[in-house]
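Enquirer: The primary structure of each chain is shown beneath.
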Amino acid sequence: GENVEQHPSTLSVQEGDSAVIKCTYSDSASNYFPWYKQELGKRPQLIIDIRSNVGEKKDQRIAVTLNKTAKHFSLHITETQPEDSAVYFCAASIRTYKYIFGTGTRLKVLA
Amino acid sequence: NAGVTQTPKFQVLKTGQSMTLQCAQDMNHEYMSWYRQDPGMGLRLIHYSVGAGITDQGEVPNGYNVSRSTTEDFPLRLLSAAPSQTSVYFCASSYARDAHYGYTFGSGTRLTVV
Numbered sequence: 001g002e003n004v005e006q007h008p009s010t011l012s013v014q015e016g017d018s019a020v021i022k023c024t025y026s027d028s029a030s031n032y033f034p035w036y037k038q039e040l041g042k043r044p045q046l047i048i049d050i051r052s053n054v055g056e057k058k059d060q061r062i063a064v065t066l067n068k069t070a071k072h073f074s075l076h077i078t079e080t081q082p083e084d085s086a087v088y089f090c091a092a093s094i095r096t097y098k099y100i101f102g103t104g105t106r107l108k109v110l111a
Numbered sequence: 001n002a003g004v005t006q007t008p009k010f011q012v013l014k015t016g017q018s019m020t021l022q023c024a025q026d027m028n029h030e031y032m033s034w035y036r037q038d039p040g041m042g043l044r045l046i047h048y049s050v051g052a053g054i055t056d057q058g059e060v061p062n063g064y065n066v067s068r069s070t071t072e073d074f075p076l077r078l079l080s081a082a083p084s085q086t087s088v089y090f091c092a093s094s095y096a097r098d099a100h101y102g103y104t105f106g107s108g109t110r111l112t113v114v
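Protein sequences appear in the order of chains S and X. Numbering follows my numbering, with no gaps: position 32 of the first sequence is 32. Numbering follows my numbering, with no gaps: position 53 of the second sequence is 53.
Just to be clear, a hint being listed does not mean it is correct.
Below, simulated DSS-like cross-link-like pairs (lysine-lysine); rule was C-alpha separation at most 27 Å, straight line [claimed, not checked]:
id: 1; chain 1: S; residue 1: K37; chain 2: X; residue 2: K9
id: 2; chain 1: S; residue 1: K42; chain 2: X; residue 2: K14
id: 3; chain 1: X; residue 1: K14; chain 2: S; residue 2: K98
id: 4; chain 1: S; residue 1: K108; chain 2: X; residue 2: K14
id: 5; chain 1: S; residue 1: K42; chain 2: S; residue 2: K22
Just some of the chain S residues that point at chain X, by a computed CB distance under 8 Å [unchecked claim]:
id: 6; residue: S28
id: 7; residue: Y32
id: 8; residue: P34
id: 9; residue: E39
id: 10; residue: R43
id: 11; residue: P44
id: 12; residue: L46
id: 13; residue: R51
id: 14; residue: G55
id: 15; residue: F89
id: 16; residue: Y97
id: 17; residue: F101
id: 18; residue: T103
id: 19; residue: G104
id: 20; residue: R106
Using C-beta positions, here's what the derived DEER-type ranges look like [to be verified]:
id: 21; chain 1: S; residue 1: K108; chain 2: X; residue 2: S18; range: 37 to 45 Å
id: 22; chain 1: S; residue 1: R95; chain 2: X; residue 2: P39; range: 23 to 31 Å
id: 23; chain 1: S; residue 1: T10; chain 2: X; residue 2: A99; range: 45 to 53 Å
id: 24; chain 1: S; residue 1: G16; chain 2: X; residue 2: P8; range: 18 to 26 Å
id: 25; chain 1: X; residue 1: D38; chain 2: S; residue 2: V20; range: 41 to 49 Å
Source of the hints: derived by calculation from the structure; they are not laboratory data. Where a beta carbon is used, it is the ideal one built from N, C-alpha and C, also for glycine.
Next up, chain S with everything else stripped away, as it sits in the complex (with noise of 0.2 Å):
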C-alpha cells in the first residue's frame, strides 16, 4: 500500500547551521508533496509545498527538492534559529485531496 518513510526521527542542530529531512514515497501517482511544523501543544501548520511539476521551491530560509525518478522530498532549512524547533511531517498524495504522512521529525535547534 501507500508508505511515506520520513528520516531522521530526531536532528539536532546548533543555532545557525542547516537541517534537512528527507522523506521517500511508494506511490508513483503522488504528484503533490506538502510540509507541515507542528510546535509543542500547537497544531499542525503548512510551511511549504511543491508540485511534481517541479524541481525545487525556496520560501525565504526553507527549500523543499523533489526527485521524482527517486521518489524522494527534503525539507532544507538554512540559518537555524531557536523557534524553528518543531515536529515537522511530510506528506505525499494519494488522490487530488487525500495525504500520506509521514512518521515526523522533531528538530531541536541548540542555542
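Chain S is already provided as a structure; the job is to place chain X on it using the hints.
Expert: Same frame as chain S, but now just chain X:
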C-alpha cells in the same frame, strides 16, 4: 473567518462511555477529515468526507463513526471509549477540486480514556 474549530479542547472519559468531538469550518471546504496523533506514529487518518452525505474510512476507523450532514460540520463519535483511544485528535479540511491544496487543521482535542 475562524478557520477550523474543534471542541472540546480536553476531555476525560471512562471506559465504555460515548462522546462526540465537534469540528466546524467556515472556508467552504469540500474535504474534511479526522486524524489521531500518537507519539512516534505521526498522523493517522480515521475517517474523511469529500462533501455532505459522503464519508469513507481511513487507516484506523474502528471504534469511530462520522456523518456529514452539512458542508461546515464533521463530528466524530466514539461509540464505546477504550484506553487505546487515548490520543490527540485533529480535524483537518481543504478544497477537493482539480488542484492540490494543503490542509487547515483545527487546534486539536486531547482525549484521555481511563
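Enquirer: For every hint, state whether the structure bears it out.
Expert: Hints versus structure:
no., hint, verdict
1, S:K37 to X:K9, "holds, 20 Å"
2, S:K42 to X:K14, "holds, 25 Å"
3, X:K14 to S:K98, "violated, 33 Å"
4, S:K108 to X:K14, "violated, 36 Å"
5, S:K42 to S:K22, "holds, 23 Å"
6, S28, "violated, 16 Å"
7, Y32, "holds, 4 Å"
8, P34, "holds, 5 Å"
9, E39, "violated, 12 Å"
10, R43, "holds, 4 Å"
11, P44, "holds, 5 Å"
12, L46, "holds, 4 Å"
13, R51, "holds, 7 Å"
14, G55, "violated, 17 Å"
15, F89, "holds, 6 Å"
16, Y97, "holds, 4 Å"
17, F101, "holds, 4 Å"
18, T103, "holds, 4 Å"
19, G104, "holds, 5 Å"
20, R106, "violated, 10 Å"
21, S:K108 to X:S18: 37 to 45 Å, "holds, 40 Å"
22, S:R95 to X:P39: 23 to 31 Å, "holds, 28 Å"
23, S:T10 to X:A99: 45 to 53 Å, "violated, 34 Å"
24, S:G16 to X:P8: 18 to 26 Å, "violated, 41 Å"
25, X:D38 to S:V20: 41 to 49 Å, "violated, 26 Å"
In summary, the structure is inconsistent with hints 3, 4, 6, 9, 14, 20, 23, 24 and 25 from the numbered list given earlier, while agreeing with the others.
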